[in-house]
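Participant: Below are the chains, spelled out letter by letter.
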Amino acid sequence: MDQPVKPSRPTRRTLLIATAATTAFGWLARPALAAPGELAKAQAALFGDREIRKGRVDVTLPPISENGYSVPIRIDVDSPMTETDHVVQVAVFSPQNPLPNVAQFKLGPRAGQASIETRIRLGGSQAVTVVAEMNDGSLWSGSDETVVTLAACVVL
Amino acid sequence: MVTIRLSVPETATAGDIIEIKALIQHPMESGFRRGSRGEVIARDIITRFECIYGGETVFAANFFPAVSANPFLSFHTRATTSGTLRFRWTDQNGQTWEDTAEIAVT
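Protein chains in written order, with this note's numbering: chain C, 1 to 156; chain U, 157 to 262.
Derived by calculation from the structure, the hints in this document are not laboratory data.
Here the structure is a predicted model, which is why all the values come from computation and not from measurement.
Here a beta-carbon is modelled for each residue, glycine too, at the ideal position from N, C-alpha and C.
Each hint should be verified, as a subset may be incorrect.
Selected chain C positions facing chain U (in silico; Cβ < 7 Å) [unchecked claim]:
hint, residue
1, ARG110
2, ILE116
3, ARG119
One chain only, chain C, in its complex shape (with noise of 0.2 Å):
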């Protein structure tokens, strides 16, 4: 005779989902890799103690990152990316990783649109900040955050 399943057995759904948060948990709880301090020590060896004001960068990460290995980045400044107001110079700063500095890119009146992707390493779940440098020296951010279940750096 069959035994019907009983409704208390925990299904492999609800085991997955229950593995899944106790990982994300010890993802968050852990400490960050980073000194605190650093973004600052990083940002300020770059543009030095230029005030950064928020706005004009938009950063799209995805809200869940499976794999910290190989988190998409999309940058997209607001500048008309003419001779006389373009952007000069973009970078990208992590929180988490064990170094503040992810990847900078320059630009120029040439490149038209000031539109940036690629993939990047993050180990932990974070805000991830973009700095981007007009041609009259003004400095804009912008960041989006992004859950990573998969840390790099941590597990091989």
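Position chain U relative to chain C; hints supplied.
Facilitator: Frame of chain C, contents of chain U only:
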């Protein structure tokens, strides 16, 4: 043999903004990973990318260990003259890889 994949439009109208995609096969070993015996795997990364169009560097990038293996880039440039776009990647030891793409601008 290193694989390089480029996506550049074959033709464009002068003044058009074109999207360029470039990917190179490279492990981008971060220097933070450990091997099976606990030894640190030495860092081996590409640090620089340049796109030269009409003798002018129109886009450049500095990479750090947080850039994924097989670094992929998508960026834009304005089509100006027919000619060659040169793509150059340089690693931390100065080794370079180059590829080119032709574009016809009308």
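Participant: None of the hints should be skipped; say for each whether it holds.
Facilitator: The hints, checked one at a time:
A hinted interface residue such as ARG110(C) counts as satisfied when its beta carbon comes closer than 7 Å to some beta carbon of chain U; here the least separation is about 4 Å, so the hint holds. With 7 Å as the threshold, the beta carbon of ILE116(C) comes within range of chain U, its nearest partner Cβ sitting at about 5 Å, so the hint holds. Checking ARG119(C) against chain U by beta carbon gives a least distance of about 4 Å; that is within 7 Å, so the hint holds.
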